[in-house]
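A.B. asks: Work the whole structure out from these sequences, hints included.
There are 2 protein chains.
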Amino acid sequence: MKQVSERQLERFPIYLKYLLSMRDSGYKTISSPVIANALSFSEEQVRKDLQVVSSNNGKPKLGRDINELIEDIKAFLHYDNLTKAAVVGVGHLGKALMNYKGFNDFGLDIVCGFDIDSNLVGSQVNGKDIYSVYQLSNKIDELGLEIAILAVPLSAAQDNADRLVNAGIKGIWNFVPVHLNVGDDVVIENINMASSFAILQHKLSNKEKN
Amino acid sequence: MKQVSERQLERFPIYLKYLLSMRDSGYKTISSPVIANALSFSEEQVRKDLQVVSSNNGKPKLGRDINELIEDIKAFLHYDNLTKAAVVGVGHLGKALMNYKGFNDFGLDIVCGFDIDSNLVGSQVNGKDIYSVYQLSNKIDELGLEIAILAVPLSAAQDNADRLVNAGIKGIWNFVPVHLNVGDDVVIENINMASSFAILQHKLSNKEKN
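Line order of the protein sequences matches chains A and B. Counting from 1, position 7 in the first sequence corresponds to residue 7 in our numbering; the numbering is continuous, with no gaps. Counting from 1, position 122 in the second sequence corresponds to residue 122 in our numbering; the numbering is continuous, with no gaps.
In short, the hints are calculated from the structure, not lab data. All values reported here derive from a predicted model rather than from experimental measurement.
Which copy is meant is left open, so a pair is good if it fits within one copy or across any two.
20 Å max Cα-Cα, derived EDC-like pairs, lysine to aspartate or glutamate:
#1 Lys84 to Asp185
#2 Lys17 to Glu71
#3 Lys207 to Asp185
#4 Lys207 to Glu6
#5 Lys59 to Glu43
#6 Lys17 to Asp159
#7 Lys203 to Asp184
#8 Lys139 to Asp162
#9 Lys17 to Asp72
#10 Lys207 to Glu146
C.D. replies: Given below as structure tokens:
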């Protein structure tokens, strides 16, 4: 498989959503220029991206088979194997994540939650059990958890990251706007709302100046 | 002010969080190498980034004044002026966003919510009123709303984006994993959870192969 950049990787879920909607609308084939136009990407970019996941470039004029392309992207993104995850920190954000219905579509299965609050431990959110963070090591093995979704308060983020790493977690999806220090054998991917908002704000103020 | 890239912009909220924590721990000055080391950025990158927001490079050995640097970054990120926003779509995610306490820290003030569900309209979340989406135009003017935070179901995303643009909104912070088509005079910034998760997943499976 070809080398793929993070920028490229980010686009595949967007292609997939679009292709699924086109298939639902009855289309059987689709060309790179049509995709590029619909998603505001360049044709060159779309062609390069799709070559990463599929060796079948389709037929001139007709384009690619939509079903085949959907299956290729799903396989590339590992959507066929659900990744088992736990939400750590079941506050407002953690609860929303446990209730979110879209995760299964992209290969993520939230199995349970963890919290330090004894009032929450033993309860359920969206039919999923909430355990104590002190049960992490046991539950990771017992339930086969692969990644943790971190949604604790800022001040508790590093301590909980340490706790997760010690318990054997190899991947953390971090929703707390803070830089976490972990060893090289652990993968962290940040959803940084403050950074995303900074970009929106900056673009808006540039517009106002023009 | 110097040109700034999105990649640079994303780092400033991370610098700010770190500097605030160092100030809380009693530090008065700080050097670029110390910041670079703590955040796992390169020294060169930190130096370049900080030159964007501040012309005072500090003193050799002592480094920069932490308070001054914090104020410079806050001013650069417009954190002094709260941006008024509304959440559109008050489901699980929308409620979590309305309850999130961290937004004020980065210059965002969620004023109210909008939903199409008549059972929600007239109620409150975190003390903030929920209005009908049909009241958008009036409320945007009345409340001085600058941006909309889109958290509706996937199938309703484009319709609601159109509705927001027609009502005069110039900035949309999009939490729905879909590409929105809007005119060039509207700024959209996406929080794309599917893309972020794809990156985490890809890094993890690369680790396993090694």
